[in-house]
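Novice: Mind docking chain B on chain A? Use the hints.
Residue strings, one per chain:
Number of protein chains: 2
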Amino acid sequence: MNTGKVTLVSAGPGDLDLLTFRAAKAIAAGDVLLIDDLVNDDIATLKAAHARVVRVGKRGGCKSTPQAFIQRLMRRYALQGKHVVRIKGGDALLFGRAGEEIADLRHAGIEVEIVNGISSGFAAAAGLGVSLTHRDHCQGVIFVTAHLRDGTEPDWATLAATGMTLAIYMGASRIDSISEALGKTLAAGTPAAVVQWAGTSREKRLVATLGDIAACAAAHDIASPAVILIGGAMGEAMEAVSARSEPAMRRLSA
Amino acid sequence: MNTGKVTLVSAGPGDLDLLTFRAAKAIAAGDVLLIDDLVNDDIATLKAAHARVVRVGKRGGCKSTPQAFIQRLMRRYALQGKHVVRIKGGDALLFGRAGEEIADLRHAGIEVEIVNGISSGFAAAAGLGVSLTHRDHCQGVIFVTAHLRDGTEPDWATLAATGMTLAIYMGASRIDSISEALGKTLAAGTPAAVVQWAGTSREKRLVATLGDIAACAAAHDIASPAVILIGGAMGEAMEAVSARSEPAMRRLSA
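The listed protein sequences derive, respectively, from chains A and B. Taken in order, the first sequence gives residues 110 to 363; the numbers are from the working numbering. Taken in order, the second sequence gives residues 110 to 363; the numbers are from the working numbering.
Isolated chain A (complex conformation) (with noise of 0.2 Å):
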C-alpha cells in the first residue's frame, strides 16, 4: 500500500468565500478532513461524498483534542495511504502550531503540503477599513501570540520600541494587562482596535485608544477569539468608524 500524503488546508477567517480556490480543490480531494473548531462548519459541505469528517477542536479552556492525538490521527490514515486534509482557521503558517505536526509528518515520511489561507489580522483590517502598514505611520507589522507556551507574556517593550503596527493573537482574556504593559513604552493615545470573529458574519469592531481599549473592550463584551491591534496606522480606524457610525465601533470615551 502506498503512503497517502497530508494536505495542510488553510480556510481563512471564516467566511467561505475568504477560501482561496486551491483551498476549496484540496478539501474536495480529501479522503478524511481534520477540521479545527474556529473553521466555519459548512466547511464540510465542499467536502467529497465519500470523505471523512473528524472534528478535532483545540479551544483553550474547553474540551479538545489533545495535540498529540491529532498528530497520531494524521500519520495513521496517512500511512493507510488516505489523503488527509486537516483544516485550520486564518493561515496555518501563523501561530497553531502547523511547525509540530509538518516536523512529525515528515519525520515519519510524509508528504506535507500546504494551502495559504487569509489570517484573521488582515480580515480585520479589512473589516476595520486599514492598512497594517501605512507608510505616514509604520513600516510593518508585527504579528505576535499573547499566549506562551510557557506561560509568560512577550517582551512588550521591546515589541512597541519598533514602532510598527502590533496585531496581537489570543490576547483578548488579558487586553488590560497587555494594554498596560504596552502602555509604558507608547503614549495613552496611541490608536488600538479590537475585532472579534473578524471576517465572520459575527465580526464585531472596537475603536479606541491604547488607554481606553481594555475598559471599552469589557464594556462591550468582546472576548475571545479576537485580534488586537495597535499603532498609529490604526488611526486611519477611528476616522473610517465615525464617518460610517456603526454602534459597535463607537469608542465609549472621546
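Hints are computed from structural coordinates only; laboratory data are not their basis. Treat the hints with care, as some may be off.
Stated by the list, open to error - Chain B side only, calculated, beta carbon under 10 Å to chain A, not exhaustive:
id	residue
1	Leu-147
2	Gln-189
3	His-192
4	Arg-215
5	Ala-217
6	Glu-222
7	Ile-227
8	Ala-234
9	Arg-244
10	Thr-271
11	Ile-277
Note that beta-carbon positions come from the ideal geometry of N, C-alpha and C, so glycine has one too.
Specialist: Frame of chain A; chain B shown alone:
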C-alpha cells in the same frame, strides 16, 4: 448620477487559484479594473465582458504610473458612477500604499471595500514548507519593508532583538547590506531563506544562513520580486530542503 465605489482587491501572490472566491466575484462585478503590474496577467480573464482594463504598474526603476495619477483615475471613474476594482498583488493591506488610496477616496466621499488576499511572505513559507512561527523558535513574525520612503533602512538591530521571524519585503536588491546589518545582532548561523516569485510557477527558493544568504542569492541570480525570511523557524526549511533535494534550494556552503 450616483457615485460609484471602489473595491480594493488583493490578488494574492500570482497563481490564480490562490485568489479567494470573494476576490473573483469582486473582479467579475467591476466596470473598470486598475491592475498593478505584479499581478498575474490572466486575472483579466475573470472580468465582466463590458469591463475596461487599465494597467497601472509601478515597479521600482521601470516605467511607471505615478501614484497620484492612479488615485485620480480611481476618483474620476467612481465619481462617474462606475464600480472601480483596484487589483493589487499579495494582500492590499500589507505595504503597497493602500492606506493612502483609502484615505484619498474617503476624503472624496467614495465608498471603499477591501477584499483580502495571500501575501507573498505566506506563500514563501508555504513553498519552503515551514510555519512562520514555529513555537520552538519564536512568538511571532515581523513583516517589514526594506524600502523606506526617506531612503533610509529600518532599524535592523531593534527588529532582530525581538527574536521573531523577519519577513523582509522589497529587500532583494540590498540583501547584502540587510544581512550585514542583521549580523551585528544575530548569529551568522541564523537560518535564512529567500523566495523569488513566491506563489507563482516561476517560484525560486533558496535556503542558507544569515552569513551566506547574500552570496547564495547573488550566485543563483535571485532578484526582485523576492521575500527574505530570517530566523530560527526557517531552520525547519533547511531540513525540508535537504530532504527534498530540490536543486534551487541547495546551499552553496555547508
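Novice: Confirm or reject each hint.
Specialist: Results of checking the hints against the structure:
{"no.": "1", "hint": "Leu-147", "verdict": "violated (16 Å)"}
{"no.": "2", "hint": "Gln-189", "verdict": "violated (22 Å)"}
{"no.": "3", "hint": "His-192", "verdict": "violated (17 Å)"}
{"no.": "4", "hint": "Arg-215", "verdict": "holds (7 Å)"}
{"no.": "5", "hint": "Ala-217", "verdict": "violated (12 Å)"}
{"no.": "6", "hint": "Glu-222", "verdict": "holds (8 Å)"}
{"no.": "7", "hint": "Ile-227", "verdict": "holds (5 Å)"}
{"no.": "8", "hint": "Ala-234", "verdict": "holds (5 Å)"}
{"no.": "9", "hint": "Arg-244", "verdict": "holds (6 Å)"}
{"no.": "10", "hint": "Thr-271", "verdict": "holds (5 Å)"}
{"no.": "11", "hint": "Ile-277", "verdict": "holds (9 Å)"}
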